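Peer 1: As they're listed, the protein sequences go chains A and B.
So in our numbering, spot 194 of the first sequence is number 194, and the numbers just go up one at a time.
So in our numbering, spot 70 of the second sequence is number 70, and the numbers just go up one at a time.
Mixed in with the good hints, there may be bad ones.
Calculated lysine-lysine pairs in the DSSO-like style (CA-CA distance at most 30 Å, straight line) [unchecked claim]:
1. 521/A with 40/B
2. 155/A with 166/A
3. 3/A with 56/B
4. 40/B with 441/A
5. 191/A with 40/B
Read the hints as simulated data drawn from the structure, not as lab findings.
Every value quoted in this text rests on a predicted model; they were computed, and no experiment measured them.
If you want the building blocks of each chain, they are given just below.
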Amino acid sequence: MIKKILLIGNPNVGKSVIFSRLTGVRVIASNYPGTTVEFCRGCIGSGAEKIDVVDVPGTYSLDPTSPAEKVAVAMLDRAVEAKDSIAVNVLDATNLERNLNLTLQLLKKDIPVIVALNLWDEAKHIGITIDVNTLEKTLGVPIVATVAITGEGIKELVNRLGDAAKGEYSYDNDERWHEVGRIVDRVQSIKHKHHTVGERLGDLTIHPWTGIPIAFVILFLLFFVIRFIGEGLIAYITEPFFGNIWAPLIMQVSRVIGPGNLLHKIIIGELIDGAIDFQQSFGILTTGLYVPIGAVLPYIFAFYLVLSILEDTGYLPRLAVLLDNTLHIIGLHGMAIVPMFLAAGCNVPGVLATRILETKRERFIAATLMSISIPCVAQTAMITGLLGKYGARGLFPVFATLIVVWLVAGNILRLLVKGESPEIFTEIPPYRLPHLMTLIKKVWMRIHWFLHEAVPFVLLGVFAVNILYALGVITWLGNITGPITTRLLGLPLKAVGALLIGFFRKDIAVGMLAPLGLTLKQLIIASVVLTMYFPCIATFVVLLKELGIVDMFKAAFVMISSALIVGGLLNVIL
Amino acid sequence: MTELRLTDMQAGQTGKVTRVHGGHGFRRRLEALGMRPGMKVTKVSGQIMRGPIVVKIGNTQIAIGFGMAYRVFVEV
Chain A
1 MIKKILLIGN
11 PNVGKSVIFS
21 RLTGVRVIAS
31 NYPGTTVEFC
41 RGCIGSGAEK
51 IDVVDVPGTY
61 SLDPTSPAEK
71 VAVAMLDRAV
81 EAKDSIAVNV
91 LDATNLERNL
101 NLTLQLLKKD
111 IPVIVALNLW
121 DEAKHIGITI
131 DVNTLEKTLG
141 VPIVATVAIT
151 GEGIKELVNR
161 LGDAAKGEYS
171 YDNDERWHEV
181 GRIVDRVQSI
191 KHKHHTVGER
201 LGDLTIHPWT
211 GIPIAFVILF
221 LLFFVIRFIG
231 EGLIAYITEP
241 FFGNIWAPLI
251 MQVSRVIGPG
261 NLLHKIIIGE
271 LIDGAIDFQQ
281 SFGILTTGLY
291 VPIGAVLPYI
301 FAFYLVLSIL
311 EDTGYLPRLA
321 VLLDNTLHII
331 GLHGMAIVPM
341 FLAAGCNVPG
351 VLATRILETK
361 RERFIAATLM
371 SISIPCVAQT
381 AMITGLLGKY
391 GARGLFPVFA
401 TLIVVWLVAG
411 NILRLLVKGE
421 SPEIFTEIPP
431 YRLPHLMTLI
441 KKVWMRIHWF
451 LHEAVPFVLL
461 GVFAVNILYA
471 LGVITWLGNI
481 TGPITTRLLG
491 LPLKAVGALL
501 IGFFRKDIAV
511 GMLAPLGLTL
521 KQLIIASVVL
531 TMYFPCIATF
541 VVLLKELGIV
551 DMFKAAFVMI
561 SSALIVGGLL
571 NVIL
Chain B
1 MTELRLTDMQ
11 AGQTGKVTRV
21 HGGHGFRRRL
31 EALGMRPGMK
41 VTKVSGQIMR
51 GPIVVKIGNT
61 QIAIGFGMAY
71 RVFVEV
């Protein structure tokens, strides 16, 4: 009786897409090796026939070299021991030889195997023909050709799950590559095709003299498109909605509750000149809803749309190659650009994605550094909203400081943190046109995550702010931390409230600065310090899990001390 | 036929891997992505200032750090 199905295969062969197809569970799939760093579960069938399906991180062999690969091998070993599982070995049909290496290793394990020969369309397209029948006979396990992204072959795969077999192929382990070569010679024929125009253009993006200028143009475009979409949505959709529809509605509620009491304070907040000011009122239904929905959501959408396109085309690994030398400054290799990019959306997936880095040292540096110097898109949106009215004079100092901090703090960590930092060694996937439905689903998943996981926290944060103010906690904290806040950072005592709430949600914390009447200099310092001093609680929890308590302490020390140093320096320089 | 290091190949040049200098673990890691003696590799690009090398093996492009590529020998 099968209880569990493990999806096993090389990185970036489409396991996550097959997983989604089989289970209906939505998972993030992208076009670079290492999208899945943690296994993911779902199930097919129902009742007594329910079978668990596990999306295992990709691995090239059964001797793991990275933590994500270790997860994969450990999962397989457990499944072999339990004797109630089968393995669906997902292969990239365009790279049969490399993929069969893992298959042959898998056949030595005591577990029934069925092979999904994925990317079948791409293989045909580039002139590769594989004789499925002969391959099936040779390996002694069922083989199904699939195109996961369109769903082709998935039904047959499901129908044949029961045929999964232990395989009869025996070979000498030292001769494995010879065996692989022999099989490939027998079943595969290649019609030679010349370089296509697309491939030639693709190569330009990875040659230094053409690739670096192209990278600059792409990054600039990304930035421009994100701002264009984000600002457009705010100006034409969310602002009019909140101003023209929501505000009058809430004014009615305000009249019913009657201003001045605690309930009004919590739900509506302060009325500014007798009206609601969504940036300053600070009630749950005013600022509490405006910040996540009105100000942040447009940027969440814009950022994740652009990031998802970037992920699905396969450009990120190329950027990793071009930026490899830059990342060596901070003790990492090029692929660290992937977690850094994800962190600019939200630090939580950013920290998780550090698992694609091979050593503990790299993961510590990457996770600490992103917590210090990469604000999540929610915080960036709020900073942009707060400082945007000053133009470059307001925004440039904040982001330039964070980039300098990233380089300098990274370089210091490189010198101080012991351990190894290996070189880049990664597969560069072919460019692919993003599949529209997959793209839409992915962006929606990320927005959905924000609405479900982040918005409640924002509302809770606003509630907490009001309660803490009413109880006098924030004033009290302001008084005891006074010397640091006022003398070192040059901020008013009231700003301590924002630093306190920053532990909860950074976007709300930045929002708390709006009603304080700060000068431009104070706004810049507060924005930088809020980014650096400590991660939000959600990030803190994953950091603790990923780094362990000792390293988390070290990281926290780096965060707090660098925030104070940088904040103090800005106070002197600006 | 001359043997040279992967780092010394010109972009666009094709050769056959002859040997990989390094320990067992290192060779295994390279092997897993198809870089092993006997395989045909084409150099796609090399970044400036000893940056990573990109090669094509079969249908796969692989990025490999300069120091690692220095230990791979090819016959052209």
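Peer 1: None of the hints should be skipped; say for each whether it holds.
Peer 2: So, going through the hints one by one against the coordinates:
no., hint, in the structure
1, 521/A with 40/B, "violated, 59 Å"
2, 155/A with 166/A, "holds, 22 Å"
3, 3/A with 56/B, "violated, 40 Å"
4, 40/B with 441/A, "violated, 40 Å"
5, 191/A with 40/B, "holds, 17 Å"
The structure does not agree with the numbered hints 1, 3 and 4 stated previously, though it agrees with the rest.
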